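Student: Keeping their order, the protein sequence lines are chains A and B. Its first residue numbered 1, the first sequence is counted upward by one per residue in this note's numbering. Its first residue numbered 1, the second sequence is counted upward by one per residue in this note's numbering.
Accuracy of the hints is not assured; some may be wrong.
Subject to a maximum C-alpha distance of 30 Å in a straight line, what follows is the list of computed BS3-like cross-link-like pairs (lysine-lysine) [claimed, not checked]: (1) Lys-146/A - Lys-19/B; (2) Lys-62/B - Lys-154/A; (3) Lys-30/B - Lys-295/A; (4) Lys-241/A - Lys-19/B; (5) Lys-106/A - Lys-93/A; (6) Lys-154/A - Lys-19/B; (7) Lys-19/B - Lys-295/A; (8) Lys-62/B - Lys-241/A.
FRET-style restraints, in silico, Cβ to Cβ [what the hints assert, rightly or not]: (9) Arg-303/A - Gly-23/B: 19 to 29 Å; (10) Gly-69/B - Ser-70/A: 51 to 61 Å; (11) Gly-69/B - Arg-145/A: 27 to 37 Å.
Some chain B residues well away from chain A (every beta-carbon gap over 10 Å; in silico) [stated by the list, open to error]: (12) Arg-7; (13) Asn-8; (14) Val-9; (15) Asp-10; (16) Glu-11.
No wet-lab data here; the hints were simulated from the structure. These numbers were taken from a predicted model, which means no experiment stands behind them. Just so you know, even glycine gets a beta-carbon here, dropped at the ideal spot from N, CA and C.
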Amino acid sequence: MALILERLTMNFGDGGERPNIITVTKLNTIAKDLLATSKDLNEVWVSGEVSNLTKHSSGHYYFTLKDDISEVRCTLFKFARSKLSIELNENMKVLVFGSMSVYVAKGNYQFNVLDVKAQGLGDLYLAYEALKKKLEGEGLFDTARKRPLPRFPKRIGVVTSPTGAAIRDILNVTARRFPADVLIAPALVQGEGAAESIVQGIASLNQARVDVIIVGRGGGSLEDLWAFNEEMVARAIYASKVPVVSAVGHEVDFTISDLVADLRAPTPSAAAELVLPDRVEERRNLVHLLARAQKGLSATLGRMRQRLMRTDRTLSPKTFLVDIQQHEVRLDELSGLLDIFVKKKVDLDAHRLDALRASLVGLDPMRVLDRGYCVIQSVGGGILNSVTKVNQGDEVRIVMRDGALKAQVTRKE
Amino acid sequence: MTMSDERNVDEMSFEEAIKELEGLVKVLEKGELDLETSLKVYGRATVLKERCKKILDDSERKVQSIIDGGEIADFQ
Numbered sequence: 001m002a003l004i005l006e007r008l009t010m011n012f013g014d015g016g017e018r019p020n021i022i023t024v025t026k027l028n029t030i031a032k033d034l035l036a037t038s039k040d041l042n043e044v045w046v047s048g049e050v051s052n053l054t055k056h057s058s059g060h061y062y063f064t065l066k067d068d069i070s071e072v073r074c075t076l077f078k079f080a081r082s083k084l085s086i087e088l089n090e091n092m093k094v095l096v097f098g099s100m101s102v103y104v105a106k107g108n109y110q111f112n113v114l115d116v117k118a119q120g121l122g123d124l125y126l127a128y129e130a131l132k133k134k135l136e137g138e139g140l141f142d143t144a145r146k147r148p149l150p151r152f153p154k155r156i157g158v159v160t161s162p163t164g165a166a167i168r169d170i171l172n173v174t175a176r177r178f179p180a181d182v183l184i185a186p187a188l189v190q191g192e193g194a195a196e197s198i199v200q201g202i203a204s205l206n207q208a209r210v211d212v213i214i215v216g217r218g219g220g221s222l223e224d225l226w227a228f229n230e231e232m233v234a235r236a237i238y239a240s241k242v243p244v245v246s247a248v249g250h251e252v253d254f255t256i257s258d259l260v261a262d263l264r265a266p267t268p269s270a271a272a273e274l275v276l277p278d279r280v281e282e283r284r285n286l287v288h289l290l291a292r293a294q295k296g297l298s299a300t301l302g303r304m305r306q307r308l309m310r311t312d313r314t315l316s317p318k319t320f321l322v323d324i325q326q327h328e329v330r331l332d333e334l335s336g337l338l339d340i341f342v343k344k345k346v347d348l349d350a351h352r353l354d355a356l357r358a359s360l361v362g363l364d365p366m367r368v369l370d371r372g373y374c375v376i377q378s379v380g381g382g383i384l385n386s387v388t389k390v391n392q393g394d395e396v397r398i399v400m401r402d403g404a405l406k407a408q409v410t411r412k413e
Numbered sequence: 001m002t003m004s005d006e007r008n009v010d011e012m013s014f015e016e017a018i019k020e021l022e023g024l025v026k027v028l029e030k031g032e033l034d035l036e037t038s039l040k041v042y043g044r045a046t047v048l049k050e051r052c053k054k055i056l057d058d059s060e061r062k063v064q065s066i067i068d069g070g071e072i073a074d075f076q
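The task is simple: from the sequences and hints, build the whole structure.
Tutor: Here you go:
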């Protein structure tokens, strides 16, 4: 201690060279600048494993990149992170691209990450992205190219493992649905030779002229599913004459096969349901169709009935009768009129009769008697209106207003 | 009428039968046919429906597998 102080005193002593005293800030800044000039520490790829990953609410990520012996603090700022195609996870093996820098405020150094590529899985991701871009550019994913599935397939083909869960699921579901034969093209669905065997399966089923093909397998890791991201499988699906439904058991990511296929199903069971219509629903549909036919027919019958009634009116005996009845009514009307006329005539005649009768009353001989005249009748009843018809001594009958007298003619004058 | 009157319904696939049935239903719903033809069409519709129903009820199906050399065998 004493020695150090002495040295300091010495160095600050008169005539001695003035020591280069710098601030902490300056120190760290110099260190920072120094690091910035090193080719070996700037814009380099570093491999390691992610740990102590902190995803800050600011959008920046902080983590430690380590290997078996050493570790380094890393920063992944928001602007760089937003350009990444992968998401960082704890324990992920990665290649990071960036530069070493000093954080002046804390005096520690850190690696500022500008890009990240995953190792291992990461390579697969990269291959996936690259193939996706390539095939997309060639139009393999075009929605316009997607073919409709047959409505009622007679035979469906399945490319999958004959021992996997996928085929069991598919057979279970298809048994319940619209009856169709199933032709299986057994295939390896993971590992060495999987892609080739899937390609072969698609070709065989095309040859067998199935109506639709399901290509798939149950869920698994990205590596397990890898065959479905292989270019040769994608091209085989694309080349298939028969519509293809992809059924790779994972719901989150899309495999390349999903993208090329005419239809993507999230699981093998779902694929079976998409490919075959529901039996119960079809039965219901049949009933519904026939009900519509019945309704249509009865509407037609109703219309026909109406039209018949219109057009056949002149011919049918029934309407003929109606016509007759109508004529009868007319006749009745006419005869009624006739009656009225007749009655009127009769009335008129009666009236005239009355008038005549009235005038006749004036001529009634009996009425003359009222006025004091008499009628003289012969015994035979004949009216004696001349003395020549009477002789002296004849008996006559004198009819008066209220009776008759018998008299004898005593003398002719 | 251009419908395939002569076709034997028993030989028709479900799709063929239901397609014709759907067509006939539309024709009947339009109601532009005379009575006799309408009745004939309705009769055929019922036959087609029975054909479809029979296919639906028939749960027989083959599950086969392509074995080595492209042969086809029953799947176990």
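Student: Each hint: holds or not?
Tutor: Cross-check of the supplied hints:
no., hint, in the structure
1, Lys-146/A - Lys-19/B, "23 Å, holds"
2, Lys-62/B - Lys-154/A, "10 Å, holds"
3, Lys-30/B - Lys-295/A, "11 Å, holds"
4, Lys-241/A - Lys-19/B, "24 Å, holds"
5, Lys-106/A - Lys-93/A, "28 Å, holds"
6, Lys-154/A - Lys-19/B, "15 Å, holds"
7, Lys-19/B - Lys-295/A, "19 Å, holds"
8, Lys-62/B - Lys-241/A, "23 Å, holds"
9, Arg-303/A - Gly-23/B: 19 to 29 Å, "21 Å, holds"
10, Gly-69/B - Ser-70/A: 51 to 61 Å, "58 Å, holds"
11, Gly-69/B - Arg-145/A: 27 to 37 Å, "33 Å, holds"
12, Arg-7, "17 Å, holds"
13, Asn-8, "18 Å, holds"
14, Val-9, "14 Å, holds"
15, Asp-10, "16 Å, holds"
16, Glu-11, "13 Å, holds"
Going down the numbered hints, you'll see the structure goes against none, and every one checks out.
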